[in-house]
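Protein chains: 2
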Amino acid sequence: MAKTPRACILVLRLLSMAAAVSAAVVMATSHQTTSFFNIAIKAEFYHSPSFTFFLAANAVAGVYSLFPLLAPRAGLGSRWVVVLDVVVAMLLTAAVAAAGAISEVGKKGNEHAGWLPICGQVSKYCHHVMGALICGFVGLLCHTTVVLHTISTELDPLLP
Amino acid sequence: MAKTPRACILVLRLLSMAAAVSAAVVMATSHQTTSFFNIAIKAEFYHSPSFTFFLAANAVAGVYSLFPLLAPRAGLGSRWVVVLDVVVAMLLTAAVAAAGAISEVGKKGNEHAGWLPICGQVSKYCHHVMGALICGFVGLLCHTTVVLHTISTELDPLLP
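So the sequences go chain by chain: R and X.
Just so you know, we're using our numbering here: the first sequence kicks off at 1 and counts up by one.
Just so you know, we're using our numbering here: the second sequence kicks off at 161 and counts up by one.
So here's chain R without its partners, still in its complex pose (with noise of 0.2 Å):
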């Protein structure tokens, strides 16, 4: 690979550890207060399976990150990088669509499931939780273009 390429590469994995950490701090700090009609409404991330599992999966990509940084180049380390960046990337698009779908319900309601949205009144912690959803795509985004750049160039030519 040339040395221009393996810096490009280099930087979005730290872009794509930032934006994954970033993710998991911004999902795990939406919480907001309020009333509506003197009824107290609390909205916490914990409240949705998606969103835990968004949070925990944008800490392990994170984490991760450190990985391909640190194994040795040649091999099987290699061999064994792109194997888990595809296994990586496929639990961030896990983790940005199942909590992407549920902000939908949230900002948007389901009127044939007597959904309604959330957002008019917790406005605040759906701005947050955007703004989570936002840093864990451009993670994926990050690491993806990271994963199909190894595969397309590393591949071995020759294969049957």
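It should be emphasised that the hints constitute simulated quantities derived from the structure, not laboratory data.
Backbone N, C-alpha and C define an ideal beta-carbon position, used for all residues, glycine too.
One should not assume that every hint holds.
Not everything, but these chain R residues come out facing chain X in the computed CB check (under 8 Å) [claimed, not checked]:
id, residue
1, G106
2, H112
3, A113
4, L116
5, L133
6, I134
Here are the simulated BS3-like pairs of lysine-lysine, each with C-alpha atoms no more than 25 Å apart in a straight line [what the hints assert, rightly or not]:
id, chain 1, residue 1, chain 2, residue 2
7, R, K124, X, K202
8, X, K268, R, K108
9, R, K42, X, K267
10, R, K124, R, K108
11, R, K42, X, K268
12, X, K267, X, K284
13, R, K42, X, K284
14, X, K284, R, K124
15, R, K107, X, K267
16, R, K107, X, K202
Could you slot chain X onto chain R? The hints should help.
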């Protein structure tokens, strides 16, 4: 690659295609009309964007599955198969995660958000969606096994 693993990969690819097509068909046929206290309730998969996305993603994966079976086995064609395999794996992951997150709310509700479970009223619909999710998950599992096996065995062991 030895003869037996190649046959296994072919079987897994065919299984993955069958599961993805089944998931799309089962989701597309998920609907139920019932009444609750004389109020007509109609449940259709397209009432939820996540279920529509699930159907589309599995249909795309089903059609794509033909590509690796027809693509040339050496050189650039083979590289593209691996890159697209990873993209499709992420697409299927997103579909299963998003549809799974909404199904979980449909089944258990979310008392904090005031979203009531709907599966008590439209149980046939919920079972249908669950069937689609199981098919989608099996397809994702088969496809992921193929992707990880290909990467772990066919990545250039001398890559820098």
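Original post:
Which hint numbers doesn't this structure obey?
Top reply: Numbers 5, 6, 7, 13 and 14, in rising order.
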